[in-house]
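Chemist: Sequence:
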Amino acid sequence: MDYHNSTVIGRLLAEVSWQGNKVKQYRNGGRGLENVLTAETILALDLLPRSWFLGGIFKNLNGTAQQVKENLVAEAENLNITFLSDHIYLDRSASHEKGIAVDADVVLTSDKIYAFIEAKRIRENRFQVEQLAREYLVLTRDAFDRTPAFILFLSRNPPIKVDKLGYVEPREAILKTIDEVYKKVDKHPVTLDKLKQNIDATLLWISWQEIANIVEKQISDFECNNQSVYLSIHRICKLLQRAIIWHS
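Take the sequence shown: its position 179, counted from the start at 1, is 178 in numbering that gives the first Met the number 0, and no numbers get skipped.
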């Protein structure tokens, strides 16, 4: 068995250990911090029956990438879920000190899917100016023959706030910076023009409130003859819903 640090709690603690004086932000349960909110949510969705709950969220993602949504739903039970994955670099030959790192909040992988989840906190938040373009390019470069999916968990539906760009649609945020970022990526197998055309076929989003509403609907419709199992699932749902309320 592989005992490397791969659990949600373990990865969160590793992240906290690098915060220095900022570690005080994690007092009071890290209320309002996106890493804590995401950890609590992803841990619950990992443990809940995937097809019913995580699949329910995938079905209700916003965006026009219908085939990607269908593939995510079909693969829900098979996905490996990694919270706060290791650095991925635009230029894989660059050193840690000189390289530009991409840090997806959650990485979902299977034989058929390669997906990033970028989560923003519910309170005031914004994206870095090149953030979405960097993640999109690394995602599509490293997907190989798998379906790439770029999923945003947002405080509210777009437009989103981006440094130097103001409030824009996610697609526009990528298009405005992708030309410069593409120059920094090593050996991308897809042309820049094709990548621009494929944004809508890759990008999906959902708000935290929509996630809470979906979980509420799914648990109300869920049936199980084993009372102990049903109550266990119900408790996990309540933990997820409480996390979204707590961090709002």
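Source of the hints: derived by calculation from the structure; they are not laboratory data.
Please read all numbers here as calculations on a predicted model, not as lab measurements.
Mixed in with the good hints, there may be bad ones.
The calculated DMTMM-like cross-link candidates involving lysine to aspartate or glutamate, where the alpha carbons are at most 25 Å apart (straight line), are [what the hints assert, rightly or not]: (1) Lys163 to Glu123; (2) Lys183 to Glu215; (3) Lys111 to Asp199; (4) Lys186 to Glu171; (5) Lys111 to Asp162; (6) Lys68 to Asp45; (7) Lys97 to Asp199; (8) Lys58 to Glu168; (9) Lys193 to Glu209; (10) Lys58 to Asp220; (11) Lys182 to Glu209; (12) Lys183 to Glu123; (13) Lys175 to Asp162; (14) Lys58 to Glu96; (15) Lys193 to Glu215; (16) Lys175 to Asp141; (17) Lys68 to Glu179; (18) Lys186 to Glu123; (19) Lys160 to Asp220; (20) Lys21 to Asp102.
For each label pair, taking beta carbons as the anchor points, the in silico distance ranges come out as [as the list claims (entries may be wrong)]: (21) Thr63 to Arg145: 16 to 26 Å; (22) His3 to Gly28: 35 to 45 Å; (23) Lys237 to Ala13: 21 to 31 Å; (24) Trp245 to Pro188: 36 to 46 Å; (25) Arg30 to Asp102: 30 to 40 Å; (26) Asn225 to Pro188: 13 to 23 Å.
The beta-carbon is built from N, C-alpha and C at its ideal position, and this holds for glycine as well.
Chemist: Please go over all the hints and tell whether each is borne out by the structure.
Modeler: Structure-based check of all given hints:
1. Lys163 to Glu123: 16 Å, holds
2. Lys183 to Glu215: 43 Å, violated
3. Lys111 to Asp199: 19 Å, holds
4. Lys186 to Glu171: 24 Å, holds
5. Lys111 to Asp162: 34 Å, violated
6. Lys68 to Asp45: 18 Å, holds
7. Lys97 to Asp199: 32 Å, violated
8. Lys58 to Glu168: It holds: about 21 Å lies between the C-alpha atoms, which stays within 25 Å.
9. Lys193 to Glu209: 31 Å, violated
10. Lys58 to Asp220: The given pair, whose Cα atoms are some 16 Å apart, holds under the 25 Å limit.
11. Lys182 to Glu209: Distance ~36 Å between Lys182 and Glu209 Cα, so the pair is violated.
12. Lys183 to Glu123: Violated: Lys183 and Glu123 sit about 30 Å apart, past 25 Å.
13. Lys175 to Asp162: 12 Å, holds
14. Lys58 to Glu96: 40 Å, violated
15. Lys193 to Glu215: 39 Å, violated
16. Lys175 to Asp141: 22 Å, holds
17. Lys68 to Glu179: 29 Å, violated
18. Lys186 to Glu123: Cα-Cα ~36 Å, so violated.
19. Lys160 to Asp220: Distance of about 36 Å is beyond 25 Å: violated.
20. Lys21 to Asp102: Satisfied, since the Cα-Cα distance of roughly 19 Å is no more than 25 Å.
21. Thr63 to Arg145: 16 to 26 Å: Given about 20 Å between the Cβ atoms, the range holds.
22. His3 to Gly28: 35 to 45 Å: 27 Å, violated
23. Lys237 to Ala13: 21 to 31 Å: 27 Å Cβ-Cβ, so the 21 to 31 Å window holds.
24. Trp245 to Pro188: 36 to 46 Å: Once the Cβ atoms are compared, 42 Å apart, the range 36 to 46 Å for Pro188 and Trp245 holds.
25. Arg30 to Asp102: 30 to 40 Å: Between Arg30 and Asp102, where Cβ atoms are some 22 Å apart, the hint is violated.
26. Asn225 to Pro188: 13 to 23 Å: 48 Å, violated
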